Every structure is written in C-alpha cells, then in structure tokens.
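S.K.: What follows is each chain in one-letter form.
2 protein chains.
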Amino acid sequence: MRLELPKYSERFGAVLLHDLQKVYEMDGGFQPDEVFSNPFHVIRHIEADKLFQIEKDLAIIIPTKNERLRLLEGVLCGLPHDCLPIVLSNSDTEAIDRFRLECQTVENYCCYAKKKYLIMHQRSKEMAALVKSGGYTQLLDERGLVRNGKAEGMIAGIMLARLMGKKYVGFVDADNYFPGSVFEYVRIFSAGLSQSTSPYAMVRIQWHSKPKIEGEGLFFAKWGRVSRISNLLLNRLISQYTAFETDVVKTGNAGEHAMSMELALQMDYSAGFSIETHHFVNLMERFGGVKVLPEDIPAMQQGVYLYQIESRNPHLHDAKEDGHVEEMIHQSLAVIFHSPLCTEVLKTEILGELRRLHIIKKHELPQIPVKYGSLQSLDFAKAAKIWDPEKHGNAKL
Amino acid sequence: MRLELPKYSERFGAVLLHDLQKVYEMDGGFQPDEVFSNPFHVIRHIEADKLFQIEKDLAIIIPTKNERLRLLEGVLCGLPHDCLPIVLSNSDTEAIDRFRLECQTVENYCCYAKKKYLIMHQRSKEMAALVKSGGYTQLLDERGLVRNGKAEGMIAGIMLARLMGKKYVGFVDADNYFPGSVFEYVRIFSAGLSQSTSPYAMVRIQWHSKPKIEGEGLFFAKWGRVSRISNLLLNRLISQYTAFETDVVKTGNAGEHAMSMELALQMDYSAGFSIETHHFVNLMERFGGVKVLPEDIPAMQQGVYLYQIESRNPHLHDAKEDGHVEEMIHQSLAVIFHSPLCTEVLKTEILGELRRLHIIKKHELPQIPVKYGSLQSLDFAKAAKIWDPEKHGNAKL
Chain A
0 MRLELPKYSE
10 RFGAVLLHDL
20 QKVYEMDGGF
30 QPDEVFSNPF
40 HVIRHIEADK
50 LFQIEKDLAI
60 IIPTKNERLR
70 LLEGVLCGLP
80 HDCLPIVLSN
90 SDTEAIDRFR
100 LECQTVENYC
110 CYAKKKYLIM
120 HQRSKEMAAL
130 VKSGGYTQLL
140 DERGLVRNGK
150 AEGMIAGIML
160 ARLMGKKYVG
170 FVDADNYFPG
180 SVFEYVRIFS
190 AGLSQSTSPY
200 AMVRIQWHSK
210 PKIEGEGLFF
220 AKWGRVSRIS
230 NLLLNRLISQ
240 YTAFETDVVK
250 TGNAGEHAMS
260 MELALQMDYS
270 AGFSIETHHF
280 VNLMERFGGV
290 KVLPEDIPAM
300 QQGVYLYQIE
310 SRNPHLHDAK
320 EDGHVEEMIH
330 QSLAVIFHSP
340 LCTEVLKTEI
350 LGELRRLHII
360 KKHELPQIPV
370 KYGSLQSLDF
380 AKAAKIWDPE
390 KHGNAKL
Chain B
0 MRLELPKYSE
10 RFGAVLLHDL
20 QKVYEMDGGF
30 QPDEVFSNPF
40 HVIRHIEADK
50 LFQIEKDLAI
60 IIPTKNERLR
70 LLEGVLCGLP
80 HDCLPIVLSN
90 SDTEAIDRFR
100 LECQTVENYC
110 CYAKKKYLIM
120 HQRSKEMAAL
130 VKSGGYTQLL
140 DERGLVRNGK
150 AEGMIAGIML
160 ARLMGKKYVG
170 FVDADNYFPG
180 SVFEYVRIFS
190 AGLSQSTSPY
200 AMVRIQWHSK
210 PKIEGEGLFF
220 AKWGRVSRIS
230 NLLLNRLISQ
240 YTAFETDVVK
250 TGNAGEHAMS
260 MELALQMDYS
270 AGFSIETHHF
280 VNLMERFGGV
290 KVLPEDIPAM
300 QQGVYLYQIE
310 SRNPHLHDAK
320 EDGHVEEMIH
330 QSLAVIFHSP
340 LCTEVLKTEI
350 LGELRRLHII
360 KKHELPQIPV
370 KYGSLQSLDF
380 AKAAKIWDPE
390 KHGNAKL
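Note that the protein sequences, when read in sequence, are chains A and B.
According to numbering that gives the first Met the number 0, the first sequence is numbered sequentially starting from 0.
According to numbering that gives the first Met the number 0, the second sequence is numbered sequentially starting from 0.
Hints are supplied without guarantee of correctness; some may be wrong.
One copy or any two copies: either way a pair holds, since identical chains are not told apart in the list.
No more than 20 Å apart at the CA atoms, straight line, and that leaves these computed lysine-lysine pairs for PhoX-like [as the list claims (entries may be wrong)]:
hint : residue 1 : residue 2
1    : 113       : 6
2    : 131       : 370
3    : 290       : 124
4    : 395       : 381
5    : 384       : 21
6    : 64        : 149
7    : 21        : 113
8    : 390       : 115
9    : 370       : 211
10   : 124       : 390
11   : 395       : 113
12   : 115       : 166
13   : 209       : 21
It is worth saying that the hints were derived from the structure and are not from the lab.
A quick note: this is a predicted structure, and the numbers were derived from the prediction, not measured.
Excised from the complex, chain A in its bound form:
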C-alpha cells in the first residue's frame, strides 16, 4: 500500500492526532521501491513484509445482527488471509435460527478457502461464562448474559482477540456490498498501524464517500449529518485547551477502526452509538495529561498515536433504516458534554446544538452515557482456562 504522510499533527498531552492521510495505491507493489529511500518523498510504500507482520497478529471483529449471509461471506472474502475474523453475532436464534445459518455459511466458506475463523453468539452461555470467569461482570445483564448492543459485542470481540493472543484488533461491519472495500479497510489498518513507533496506536477510516440514491442516480455524499456535528465539537473540545482552532478530527464516528491491543485494553468504552466518538474523548481524558491515572503512565511516556486515513473506496452498505440520526447525534454529543474535559463554553454550545435540532427540550440535559471500564480489570488468565477456540471455529491457540 502507498500512503501519504500526514500533513500535520495536533498534540493533546501524550496524544498525537494526525491529519487525514490519503491512500495512493491499494497495492504498492511486490518489491521495495528504491525511490522511497529518499526521505523527501511525501508518500510511503508500506512493504508486504510490514503488512504481514501486522496482519498475522490482527483480529478483525465483525459484529453482525440478522445480516444477509451473502454479505457476510463477501466480507470474509475481502479480508486479507492472514487476519483472523472473529464474528460476533447477535442474530435471532428463535423462529428462524439465523445464527445457526451464519455458522454454517462461515464454516462452509472457510472450509473452501482454508481460512481460520471464530464465530460466537454475543448472548450465548459460552460467551457469558468467559466474561464471568474473567470477572468483567459489568458487561453482563440481569440474566447473566452479555448485554445487547453493538458496542457490547465489540468489547466481547476485543476480549476474544486478546484470548487468541492477537496484538491488534480491527472492526469491520458485516453489511458491506463490496469485498474490495473491506480489503482496503483492513489494508489501511495494517498500513496505518505499521507507522506507529509507540505500542499505543489507533487507525480510523474516513470513507471516501457514501453513495445515496437521489432520484434516478447516485449521489456520493462525503460527510454525514452525524459526523459533521461530532467532528466539529470534538475539534472545539481540542481548541478549548490549545487555544488554536483546528479541524484535525475528521473521523469522529468512524465505525471502521483498529487499535493495538495495548491501547484497546487501556481504554474505557461507552455503549450505543457513541462508542466511536467516545474513543476520542477517552483518549484525551486518559492520555491528555489533564488527570493522570497510574496505569496510564506507560502510554503517557510512549505516546498514543492516532491516524486518520481516507479510503479510496466509497462505502456502500445494506442501509436498513437511517432513522437513528437524531439518536446518534444525541449520544455522540452526550459523551463530549459529560466528559470532565468539557468546558462550560462548550457545554453551552452542545446544549444549543441539541436544542436547535429539537433533540432535547429546553431545560433538558443530554443523557448520561453508559460506560464500561477498561478491560485491564479482566483476568485473562482465568478466562483462558475455560477458553477453547476450537469449539467456535477452526482457529487454534
């Protein structure tokens, strides 16, 4: 892959937020290119060996819920071979047992492709037992099962990736129509992560565009309503501390993102639609230097690197209902509003925004986000004792 260098970076405590980088070639060639030994070039060729070093240690978590089987298979087909797909399903098991059909589809496909995989149901007893044995009970509901929700599935996925000994974890949706886009996303993850000199790194993807049907044609929208507002307010949050206006944040709601395991285990997570926006807020809370927790000191010293990379592929997915926009704005802005970093000036601005959009009423405050503490409190050694991946796929420890 050939990737532009970030044009500038914004520092917030130990966090280095890099400006958007463009992809120049999805495949940068099979051999090293001597031209890049000249340090004046603004493009880098991430060589195959570097990509391999990341991908063999990269788990791709695919949260899915009642998705079309052909799309799920397409996503698997687009993943670079050396990554381990971890399908975290919350599909129906009653009436039609969709989960069983998913298992069969994935097993059959992987049997042909000779691909390693893991698949688990988010609400299964086995998943609950793993979480419980690790003592991370905050993820369990009153029935003792992992809570419903995509964010909760993502957290469970990180846990499985860690149990499989993976060093990196990435997230890809199961409803993508184009395997070629999935391929690019994952290559962006590995190319992006390979840039970091710190073990604490995150890569977030900005889609090139999102095609929408308008009349009889397609319109390739660049910015969604939600990310427009959350990017703006995340940038305002940074400016409040640096006293310089900035537009560095461009991926405030990036569903497609990847992290080093060191960082993934360190972070707190919020539930619902706000999880992606909360990544930014939490990075700044924990590593911004405003309040330092003892367990964060190694990351503070080595730095936390955040890369934002623009894909070349549009994002065409199976749009079911886009009716959650208001709720997504509400939750995304709520995590900024309720952060200890949020200044009074910014709080007023957020309230104004939410009221203007009739999302909250006058005198109402944004809802308080549900949060999960970092996975450092999970006892992986204990969970590993009851962990047998071969019951949930063909991957071995």
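Since the structure of chain A is already known, use the hints to place chain B on it.
M.R.: Then chain B, alone, in the frame of chain A:
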C-alpha cells in the same frame, strides 16, 4: 488470491473453455499455505511470487472517453502497482481540452504514487504515425488517424503494450466507482493467467452483479439482457459441433478481460460492441480445428486456454445511457451469424431472435461486422524506431 478450480472444461479443437471459477479470497496470504500441497483441494492459493511474475509484465489498457477525472484516478489507484497502465483516450480536445486535463491528472497522481504510466490520445498524430510506421493501415481512417471507437482504442493499446515489451495485456474500464473492484479484476487477471500451461491464454471476468437503482433501493442484477442472449447463442454454436448442449460460455460480453501477448497478437478483432463476443467466435474459428491457418499451428499444438472467473465485487460504474442494448445485441449476434462456423440451424435461430426483438426487419440480415486482421501483420520493429514512451508518460523501455 485463492481461486476455485474450474469444475469442468469444454474442448473445441485446440481451445479449452473452462467453466466459471469463484474467487475465495482476494488476498490469499503472504506465505505459502502447506494445506494446498495436498492435491485433493479444489481451491488453489496463487502465491504472491506467481502474481508478481505476471503483473510486472502486464499492461492494463484503460480506454477512456470524456470520463470523470476522479474516476480515472480511482481506477489507477486500484491497479496493482507492478502493472503498467496505458490510458488510451478518445476524449474531446476542442472547446474544453479534456485530454489535457486527463494528462495532468494522471501525471500528478503518478508523480505522488511513483507509478509508471503511459497516456496517449487515440486520434493523435503520434498514435497515427506509430500505426502507419508498423504498416497496420487498416486501423486508420481517411484522415490518416486511428479510427474512432473503443475497439480501435483497445487494438492501439495492445500495440503500445507490445512496444513496451509487455507479455500480457488486460482491459479495464475508466468509469468504475470502486477502486477495490478494479484491484480485484486485475488480481483475477494475474491469478487466472498464472494457471495456464500454454502461452496462449485468456481470462474473462463475470461480474458478481451489477447494481441498478429500482425504486428507492438497489437491485443487484446478475445477467444483463445482452450477455444472456450472446451466452446462449455462443453455447448453441459450440453444441452444434459437439452435439452436447452446454452452458460453458458465461462471459460472452466480458469487457474486463486479459490475454497473453502471444494470443493477443494472433487474434482478429471486430469493431464496435461485438469485440468481446467476437473473441469467442474468433478463438473457435482460428483454433477450433475446422480450418487451420499456417500461422496458427504453434497455438494449435500448445492449446489455447480460456478461463472465466467470477469477481466477488459488484460492478458499479458511471452509467451514462444504457440505450445501446438493441445495438449491442445486434452486433454481438451478427459476429456469430456471419462466422463461417455458423450452421444454417443457428442462423435461423439468430434471425428469429433478432426479428422477435424487432432489431431487424423480416427479410433483413444482421449487419456485416467490421473486422481488423491480427496484429501479426504489424511490423513492430519498424514502429519501435519512432517509439519514445517518455514523450507520453514516465515509463521507460
């Protein structure tokens, strides 16, 4: 890339037509997979080194005409680095000089990406001089320029690829919205060509599907009206000689295809929309053993291998007008009708089909296709004397 083996093959003289193959992984992994040393597997992993051996010798011809610049750039970005893109433009040069803008876009992009490229205008004096010096004057019009038409641009592209010393040539359209699809197409070319044990090989792509806007959603059509009919009649043509009904032909109108240079130089080409269907007809005419030309004997002895591979990516392109359907059916069927191989039974069937669709009237016959003889008659040594690629890009001989 991981690719299914063809399930069966149909022999027609020296031509081996392989059944459709499915892609199992766009990226098959960075290392050899020992599991495939077992010959019982029905999937093959085409290793990186094999792909590289093809791609370094593969020119990708991109015929373009007044296409959006961002789509052209996206296509370049999707091409694997080691291939040489040859942009053959027939864009407007008057009023707005679109060709100049294309040159600037390609040059700028390739300067960043450090990618080799060639770009020429189909109707330029330089292109005409090359064709003329090689003595292939049938491609020139009364003004002495290369004739208008996509087929003519493709033939000029093959000539340039040969002048650049390339061993393989592939065709990709410039109006693809998804660089990830382009990437897959080209990987399919190299994976497909690598399977051949004969120097005479062709790979044709069947798109996974072609999304169309229907109402407020997308419908992923699998078979177009044109290819439905031409596949049927090409299969009927084969059956007329083998006496077994067949459905082996699935890519009768595949625009995305690639060939070894040996084969590309051997074939005759037809003009207009029929060029792709004519590939099949011409393969059967020349290498089917019905009438053998002396220059075809080496290919007859070594065999001509045709691979058909189904992409995993849908094909979403910049649909301008799809109003050519009738004309495409007419031209595609005309090359079958006017082939010396076409039996009376099949001629009657074709006439019935064209009349039923009101494409030709009663007592009318399909138009006689314009054809260009094989490029073997072109004197490449002479053309090479006036060929300077550095005037048309940054690629060197």
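S.K.: Please flag the earlier hints that this structure goes against, numbers listed from lowest up.
M.R.: 3, 5 and 9
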